[in-house]
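> This is what each chain is made of:
Protein chains: 6
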Amino acid sequence: MPIHQQIEYADANPEVRATYDDIRATRKTDYINNFWKVLANDPATLKRTWESTKQIMGPGALDPLTKELLYIAVSATNQCPYCIASHTASAVNKGMTDAMFHELMAVVGMANETNRLVSGYQVEVDERFKDAK
Amino acid sequence: MPIHQQIEYADANPEVRATYDDIRATRKTDYINNFWKVLANDPATLKRTWESTKQIMGPGALDPLTKELLYIAVSATNQCPYCIASHTASAVNKGMTDAMFHELMAVVGMANETNRLVSGYQVEVDERFKDAK
Amino acid sequence: MPIHQQIEYADANPEVRATYDDIRATRKTDYINNFWKVLANDPATLKRTWESTKQIMGPGALDPLTKELLYIAVSATNQCPYCIASHTASAVNKGMTDAMFHELMAVVGMANETNRLVSGYQVEVDERFKDAK
Amino acid sequence: MPIHQQIEYADANPEVRATYDDIRATRKTDYINNFWKVLANDPATLKRTWESTKQIMGPGALDPLTKELLYIAVSATNQCPYCIASHTASAVNKGMTDAMFHELMAVVGMANETNRLVSGYQVEVDERFKDAK
Amino acid sequence: MPIHQQIEYADANPEVRATYDDIRATRKTDYINNFWKVLANDPATLKRTWESTKQIMGPGALDPLTKELLYIAVSATNQCPYCIASHTASAVNKGMTDAMFHELMAVVGMANETNRLVSGYQVEVDERFKDAK
Amino acid sequence: MPIHQQIEYADANPEVRATYDDIRATRKTDYINNFWKVLANDPATLKRTWESTKQIMGPGALDPLTKELLYIAVSATNQCPYCIASHTASAVNKGMTDAMFHELMAVVGMANETNRLVSGYQVEVDERFKDAK
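Chains as they are written, first to last, in the numbering used here: chain A, 5 to 137; chain B, 5 to 137; chain C, 5 to 137; chain D, 5 to 137; chain E, 5 to 137; chain F, 5 to 137.
In short, the hints are calculated from the structure, not lab data.
Honestly, I wouldn't trust all of these hints.
One copy or two, it doesn't matter: identical chains are merged, so the pair holds either way.
[What the hints assert, rightly or not] Quick list of in silico lysine-lysine cross-link-like pairs, DSBU-like style, CA-CA up to 35 Å: (1) K134 - K51; (2) K32 - K51; (3) K98 - K51.
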């Protein structure tokens with residue numbers, strides 16, 4: 005049994021229903037993830053988080069699949085099982101192939117390794133990187 | 005003064021020189037980052053890390069720029085200043101625009117936020133994500 | 005089956021029993037959490053950890069409920085399921101309302117987001133914060 | 005020299021100026037932190053982040069000082085120097101005493117320690133915490 | 005059901021089989037951990053990761069048991085349940101006693117605590133540590 | 005200028021002086037690290053932290069050098085510059101050679117990499133590790 009109750013559409017207040025409706029319309033699916041159903045205990049956070057997600061994860065200078073890969077990279081670094089499972093599913097929906105996933109994992113592993121080599125060896129930032137953007 | 009001496013090409017042993025030569029040839033630049041010059045204190049790790057980097061960061065199912073974005077996503081999550089500075093420079097070299105960087109940061113920030121909402125609210129993995137890949 | 009045996013009171017040596025007795029007296033409950041029963045495999049660490057906890061989590065300049073909220077903030081940031089579950093229970097015992105929990109989570113999420121924006125954008129510390137305490 | 009240019013009010017576009025105006029009015033100070041001046045390179049993220057901060061950090065079920073303490077707890081756990089420096093200054097402005105800071109640090113240290121004892125010892129969640137909220 | 009299929013020897017391609025054979029020969033056991041069977045979905049990463057592991061974890065200036073303890077220290081800090089479980093088993097195989105495990109955990113807990121005290125209190129590096137190696 | 009004042013022996017109260025005396029006697033040096041001089045702002049935490057350190061880091065089932073290596077492993081994983089610098093100095097004092105440091109770093113890097121491969125690939129714990137200790 006989940007500790008924080010999942011709020012179903014039928015039991016939701018109008019503010020939560022409005023967010024659920026927007027999730028469904030935006031994602032073109034009736035399914036509402038557990039994440040949103042739990043956040044619905046706090047309608048203000050549900051709304052703010054969904055609206056940020058919608059703004060951030062949509063198409064822009066980066067395409068939505070690349071954004072899902074970045075999400076997985078962060079979630080695997082933080083070791084968040086729910087986030088890895090749900091965004092892996094989203095990425096597959098958006099076209100991630102097995103080969104792409106394998107390369108994503110290889111980069112995430114390598115970056116986590118070299119981040120620690122840098123800190124352990126106390127490597128100083130190269131002058132040329134200090135004003136490179 | 006850096007704590008771990010940076011090994012310059014002129015002072016390097018043949019094994020380290022061979023790695024430096026390969027870094028220069030692969031990257032089409034004479035410049036060797038401080039990271040490699042410090043790792044050169046341990047030639048075996050220098051060689052292994054460089055060869056893994058070369059294998060992983062090259063073109064494949066994901067293009068090299070996307071891989072740099074993933075590297076930055078991990079490094080910002082881990083808050084590694086050297087890694088952020090050096091891979092931001094690499095990403096710019098490979099075509100990252102300001103707009104792309106801004107969207108990258110927005111996704112990294114959002115994912116770090118929602119990772120903690122998920123854990124704090126103890127959200128359970130949806131059944132449908134348990135065998136979705 | 006837990007990997008590290010949980011030491012029950014009946015099976016505990018006198019040093020462990022003394023710590024269990026103090027936990028029970030301090031918390032006004034007979035219940036000993038799994039955490040302490042597992043730590044009891046190392047009586048010195050059990051005793052040191054309990055005594056630090058008792059000293060730190062009691063009333064002082066901050067009240068015990070605020071301290072529980074801080075504990076949850078750290079545990080959600082580190083994504084420690086046990087710690088989140090046990091300290092959420094403790095916080096509820098000490099008076100945490102649903103509204104307080106929601107605001108706690110919102111702050112934790114936001115801080116985790118902005119921590120990464122700061123590092124990714126390589127924001128320099130304002131002069132005025134360098135000697136402000 | 006900061007890598008990402010800090011956008012001063014005089015150089016800001018109307019959208020950024022509107023956010024700066026709101027920061028100044030809300031905080032009752034002319035000072036704009038480096039964080040906001042760097043985020044201003046991406047006006048959409050500046051606006052979204054500021055509006056979330058304003059919504060989350062204001063008074064509610066938790067008072068603003070408690071929220072600053074929670075922010076520091078997260079930032080110290082993540083080891084974000086900028087965030088620790090800026091929010092320590094904010095907390096002092098809102099009334100944090102030395103004694104409160106010391107207790108905050110003691111809790112943060114202890115929670116980070118016990119989080120790892122729990123994971124290293126593979127402690128299982130107590131039944132009674134599984135449906136306690 | 006695991007999301008990423010575990011590749012059994014009978015179903016593996018020749019490249020994966022060669023790695024499995026080397027794991028078995030090196031470890032003097034027929035057993036292949038789930039980790040390797042899942043990585044086998046990406047034969048290049050399986051081979052690279054195994055060869056790095058074999059090179060790094062073998063005897064050298066540090067003995068194999070000390071290396072397992074270091075592995076557990078990292079894994080408990082990152083709170084990776086699989087890694088803690090599998091490397092605790094490996095460490096026991098290599099001679100880790102209960103007393104050693106308890107001391108390992110005490111150091112890991114303490115280091116995680118003091119790391120945050122240092123960052124929260126913004127302690128500056130002593131001059132004498134700046135060129136000490 | 006450090007934000008939190010460093011308390012020198014001459015300015016310390018008797019409780020702090022007693023701890024400083026014990027640090028000096030135990031470590032056979034007059035030098036007190038910045039860490040302790042900053043913690044001295046909170047004499048109770050200074051005393052508790054020092055006493056825990058003394059208890060934990062002394063000889064036992066693991067020798068003091070191994071404990072320093074574990075400390076560095078945690079600190080590099082958490083990317084704490086002060087902690088890496090100070091404990092690298094301590095480890096050198098206790099006999100850490102360059103070769104040992106290189107192997108330590110290799111293990112830390114590898115463990116951080118594989119921790120994320122495990123989480124990203126959602127590897128399930130092998131049955132045989134579930135009751136192995």
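> Give a verdict on every hint.
Now the hints, each set against the structure:
In this assembly of identical chains, the alpha carbons of K134 and K51 lie at most 35 Å apart only when taken from different copies (26 Å versus 39 Å within one copy). Taking the closest pair of Cα atoms, K32 and K51 come within 35 Å of each other both inside a single copy (18 Å) and across two copies (28 Å). Taking the shortest alpha-carbon separations for K98 and K51, both the intra-copy value of 24 Å and the inter-copy value of 28 Å come in at or below 35 Å.
In the structure shown, no violation is registered for any of the earlier numbered hints.
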